[in-house]
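Asks: Residues per chain are reported as follows:
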Amino acid sequence: DGGITQSPKYLFRKEGQNVTLSCEQNLNHDAMYWYRQDPGQGLRLIYYSQIVNDFQKGDIAEGYSVSREKKESFPLTVTSAQKNPTAFYLCASSPGYGKGQGMNTEAFFGQGTRLTVV
Amino acid sequence: AQSVAQPEDQVNVAEGNPLTVKCTYSVSGNPYLFWYVQYPNRGLQFLLKYITGDNLVKGSYGFEAEFNKSQTSFHLKKPSALVSDSALYFCAVRDSTASGGYNKLIFGAGTRLAVHP
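Top to bottom, those sequences are chains A and B.
To convert, count from 1 in the first sequence and add 28; that's our numbering.
To convert, count from 1 in the second sequence and add 187; that's our numbering.
Since the hints were derived computationally from the structure, they do not count as laboratory data.
Misleading hints may appear alongside valid ones.
[As the list claims (entries may be wrong)] Mimicking DSS-like on lysine-lysine, the simulated pairs with C-alpha atoms at most 27 angstroms apart in a straight line are:
no., chain 1, residue 1, chain 2, residue 2
1, A, Lys99, A, Lys85
2, B, Lys264, A, Lys99
3, B, Lys264, B, Lys245
4, B, Lys264, B, Lys209
5, A, Lys42, A, Lys85
6, A, Lys85, B, Lys236
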């Protein structure tokens with residue numbers, strides 16, 4: 029089945045520790061995104077990537093880093109510089125760049141990773 | 188600034204009654220509008236979208252939405268609510284300042300729908 033897989037589902041981080049959230053898709057999508065969800069605030073964009081080896085900051089990129097070495101993978105690292113990392117993190121993908129219908133096509137979401145600082 | 192507003196934090200409706208979840212937007216140019224649903228501790232599931240054409244858009248699970256350009260609204264509706272419709276609903280608009288073919292979305296804060304038996 030095609031889809032987006034996020035792992036782990038639950039993640040606990042100690043203060044001052046970096047953690048990496050995995051996002052893999054087999055939809056052959058060019059564009060991938062990371063969103064953060066907090067109660068009552070909707071989803072806010074952290075980073076997005078249009079193609080391999082390219083990514084841009086979203087609205088709340090501070091304290092986060094990403095890489096896009098493969099089309100299928102877009103891992104997100106939550107660094108110790110992120111002061112309030114406890115949240116639900118969602119990865120998404122869409123057909124994207126150069127596909128013509130990219131703007132007309134909805135984004136597909138993974139099941140999310142809940143990160144808690146302990 | 189581009190934005191999406193969902194004016195109701197929660198909507199309560201009795202099973203079998205019609206439901207409406209409201210959404211208004213502010214974006215330059217033609218809007219590309221989406222509705223997603225989220226069940227607890229899960230990702231977002233796509234319900235429907237408006238790109239162009241008929242103002243009434245039909246989507247998954249019996250949901251529909253009405254695009255109103257003059258009121259800049261895109262309200263989600265369903266003629267007869269089910270208890271299983273209880274979830275968190277998000278309205279989103281494509282960021283019109285984004286270049287290229289990708290789908291950078293601006294989300295509303297979400298509306299919790301509670302359908303009572």
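Asks: Okay, which hints does this one fail, numbers in order?
Replies: When the structure is compared with the hints, only number 2 turns out to be violated.
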